[in-house]
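Participant: Fit chain B to the supplied structure of chain A, relying on the hints for placement.
Spelled out from the first residue to the last, the chains are:
2 protein chains.
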Amino acid sequence: MYLLLTLLSTVCLAQPADSVPAPSNVLNAPYPRIYPDLRVTFRVNAPQASKVQIAPSGNANGLGRGPFDMVKDDKGVWTVTTPPARPGFHYYTLLVDGYPANDPSSETYFGWAKQTSGLEVPDKTIDFYDIKDVPHGDVRTHWYKSKVTAAWRRAFVYTPPEYDVNPRKRFPVLYLQHGSGESERGWTMQGRANFILDNLIASGIAVPMILVMDNGYASKPGDPPSSRGNAAFPEVVVHDLLPGIEAKYRAIPDRDHRAIAGLSMGAGQAMQTGFANLDRFAYIGAFSGVMRNFDLNATYNGIFSDPAALNKKVRLFWMGFGDLEGDLFTAGKSVHSQLDRAKVRHVWFETGGSHEWQVWRKSLYDFAPRLFKH
Amino acid sequence: MYLLLTLLSTVCLAQPADSVPAPSNVLNAPYPRIYPDLRVTFRVNAPQASKVQIAPSGNANGLGRGPFDMVKDDKGVWTVTTPPARPGFHYYTLLVDGYPANDPSSETYFGWAKQTSGLEVPDKTIDFYDIKDVPHGDVRTHWYKSKVTAAWRRAFVYTPPEYDVNPRKRFPVLYLQHGSGESERGWTMQGRANFILDNLIASGIAVPMILVMDNGYASKPGDPPSSRGNAAFPEVVVHDLLPGIEAKYRAIPDRDHRAIAGLSMGAGQAMQTGFANLDRFAYIGAFSGVMRNFDLNATYNGIFSDPAALNKKVRLFWMGFGDLEGDLFTAGKSVHSQLDRAKVRHVWFETGGSHEWQVWRKSLYDFAPRLFKH
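Those sequence lines, one after another, are chains A and B.
Each step along the first sequence adds one to the number in the numbering used here, with nothing skipped, and position 163 is 163.
Each step along the second sequence adds one to the number in the numbering used here, with nothing skipped, and position 306 is 1306.
Hints in this document: simulated from the structure, not taken from any laboratory.
Note that the Cβ used here is the ideal one computed from N, Cα and C, for glycine as well.
Wrong hints could be hidden among the right ones.
As the list claims (entries may be wrong) - Calculated cross-link-like contacts (lysine-lysine; reagent style DSS-like; alpha-carbon spacing at most 30 Å):
hint : chain 1 : residue 1 : chain 2 : residue 2
1    : A       : Lys373    : B       : Lys1248
2    : B       : Lys1343   : B       : Lys1333
3    : B       : Lys1312   : B       : Lys1333
4    : B       : Lys1124   : B       : Lys1145
5    : A       : Lys132    : A       : Lys169
6    : B       : Lys1312   : B       : Lys1169
7    : A       : Lys248    : A       : Lys145
8    : A       : Lys313    : A       : Lys333
9    : B       : Lys1051   : A       : Lys75
10   : B       : Lys1124   : A       : Lys145
11   : B       : Lys1051   : A       : Lys72
12   : B       : Lys1220   : A       : Lys132
13   : B       : Lys1312   : A       : Lys147
14   : B       : Lys1124   : A       : Lys147
15   : A       : Lys248    : B       : Lys1248
16   : A       : Lys169    : A       : Lys124
17   : A       : Lys169    : B       : Lys1248
18   : B       : Lys1169   : A       : Lys169
19   : B       : Lys1373   : A       : Lys248
20   : A       : Lys51     : B       : Lys1051
21   : A       : Lys132    : B       : Lys1147
22   : A       : Lys343    : A       : Lys333
23   : B       : Lys1333   : B       : Lys1313
24   : A       : Lys220    : B       : Lys1124
25   : A       : Lys51     : B       : Lys1075
To be verified - Some chain B residues close to chain A (C-beta under 8 Å, calculated; not the full set):
hint : residue
26   : Ala1101
27   : Asn1102
28   : Asp1133
29   : Thr1141
30   : Lys1145
31   : Pro1167
So that you can see chain A by itself, here it is in the shape it has in the complex (with noise of 0.2 Å):
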């Protein structure tokens, strides 16, 4: 009885073919579903609404523009296919009557200040953030209470396979930042920092390493009231969270194996902090960071503006962007050009793609194996 009610709901809601469900529905949920081509199908039961829509958030999202209307069928479940959508992570919203709700079919994702839906598109092209048949770190909790703000913060530390297996070793240490709206969450859940480390660590494209990726807001007790105060970012990295690590974690200990990096909000807090104390940290990566006010000569203290003695501290400065990101890339190339000039050393990077996670995790990919080889 129960396999011919299965059979008979399966036929009933005749999925397309050649269509598979989205990596990022909860529950075998069976919709959203992606196309070969990587259009999109979505479903959304709202009997009551008289409108409901597609809505990608931010622009040059991977989905399409939209917001893409979805077709009422007689039973109150309205429909969409979009055009085929770039592979990677995109968050979207549900607008039912105008008012911004989650797909109930997709996982969500802390982005834009709130959970909010998200879509996985495969990328037949690249599968280097894949989870695979490798040793797997631990992505682990790490809760501490900051004598910064005074409050108890949660940082996720990865650690790498070796960790657990040979408990003398030292291993060095990448902080990575999320970027507005998102939190310490977003590295693993949308980002695949984890996989990603797992699969360069397997291949020996990079040192094994331990990857710290805290919330990025941070405000002092008394400090005016704000949703998104985060000034305190960077004493809290200094004061609190670096020491709880070391304290914690086998981690090595001084400034050539401590890396500091972040993307968009996260960038300019890899910057804020690397750059301020060069004596801890000797690599600094800034991943589709916001450069539009860079002075040579005043940006970061002027830090920029000796070029000899920077380049002595600096083993690794990391800028990369998406060429999507319109403004934002327009003004890293710049800043790129400048250095150049400048001779101050770093690394450029360039991939397609736009001010979403694919970008993210393609410089990631880059940038990890950069580190702590000198």
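Facilitator: Coordinates of chain B only, in the frame set by chain A:
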């Protein structure tokens, strides 16, 4: 200027002075707010909607019966203050013109087979699940490829604080399962199992142990398609999960150092898996289990029909319920009486509360200290 704007916005929003943001709010969102008497004010921006309600999920939800109609102001902001809530964790939904949406101000938790808003209402009378200034264990992700399901699966693993400090010591393991429509994230996100164990271990009440929290859904390749298939779970535990955990973590690999427990659907899975594998597990816990069709001579292959044999093998069979669980509670109490009459040794636990996480937090707090002390 920024300061001025922030101050103005704070004054204009006029948050009630004696209420505080719920601990489950995202990024310092000011609402929902909880009053000292545990009334809760919700606030939602939905200018285009003509009706917005707060709908507590399930029966006997601690937020009240609902749905609670919200009232719209002239800016399209909707507000309602609900009656005093029971302390604990409560799933809820926003009904926007009848469409079930999440509250963007609250964290989402996997429940009801999708990401669902949740509200944490603090309990002034108990603090055993709060984060405290004690050593904290890590909660780790454990990815494994299941031979039974032919798919990658994720479990969360709590290692006690001592685990990393003392790299030769081995620990007993409690396998702990979530309920229907939930996931492997439930016991840490909703249940705070890690903080409960941190506190129990720090005070010496429980033995340091490893917790393994797997996903309870598991189907074999070729099984009829179903979004809620879980029939293969016991096989996954025996053939994939348990050997994988014991290969990777420093577990004590014998039955006297293995326990299995779960809540609701997970209670059934713990009893099914545990009683069928008494060569592997000596401790079994059923939190709010479904026991309506219990038959002393037939259930779990008639294992209760030979109390002497069972009492010899099972070091602990624990069953517990909240007094507001209705039929579940009644059925459980009847099983308790039947086991008493048959002289099947077991622990019966009852506490205040409904079929919600507060009962399961209290269940774990009672259950865990009874483990691994023989």
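Participant: Hints first: check each against the structure and report whether it holds.
Facilitator: Each hint, compared with the structure:
no.	hint	in the structure
1	A:Lys373 / B:Lys1248	29 Å, holds
2	B:Lys1343 / B:Lys1333	15 Å, holds
3	B:Lys1312 / B:Lys1333	23 Å, holds
4	B:Lys1124 / B:Lys1145	43 Å, violated
5	A:Lys132 / A:Lys169	25 Å, holds
6	B:Lys1312 / B:Lys1169	29 Å, holds
7	A:Lys248 / A:Lys145	14 Å, holds
8	A:Lys313 / A:Lys333	23 Å, holds
9	B:Lys1051 / A:Lys75	22 Å, holds
10	B:Lys1124 / A:Lys145	21 Å, holds
11	B:Lys1051 / A:Lys72	21 Å, holds
12	B:Lys1220 / A:Lys132	20 Å, holds
13	B:Lys1312 / A:Lys147	52 Å, violated
14	B:Lys1124 / A:Lys147	25 Å, holds
15	A:Lys248 / B:Lys1248	20 Å, holds
16	A:Lys169 / A:Lys124	37 Å, violated
17	A:Lys169 / B:Lys1248	17 Å, holds
18	B:Lys1169 / A:Lys169	18 Å, holds
19	B:Lys1373 / A:Lys248	29 Å, holds
20	A:Lys51 / B:Lys1051	16 Å, holds
21	A:Lys132 / B:Lys1147	15 Å, holds
22	A:Lys343 / A:Lys333	15 Å, holds
23	B:Lys1333 / B:Lys1313	23 Å, holds
24	A:Lys220 / B:Lys1124	26 Å, holds
25	A:Lys51 / B:Lys1075	22 Å, holds
26	Ala1101	4 Å, holds
27	Asn1102	5 Å, holds
28	Asp1133	7 Å, holds
29	Thr1141	5 Å, holds
30	Lys1145	7 Å, holds
31	Pro1167	4 Å, holds
Taken one by one, the earlier hints fail for this structure at numbers 4, 13, 16, listed in ascending order.
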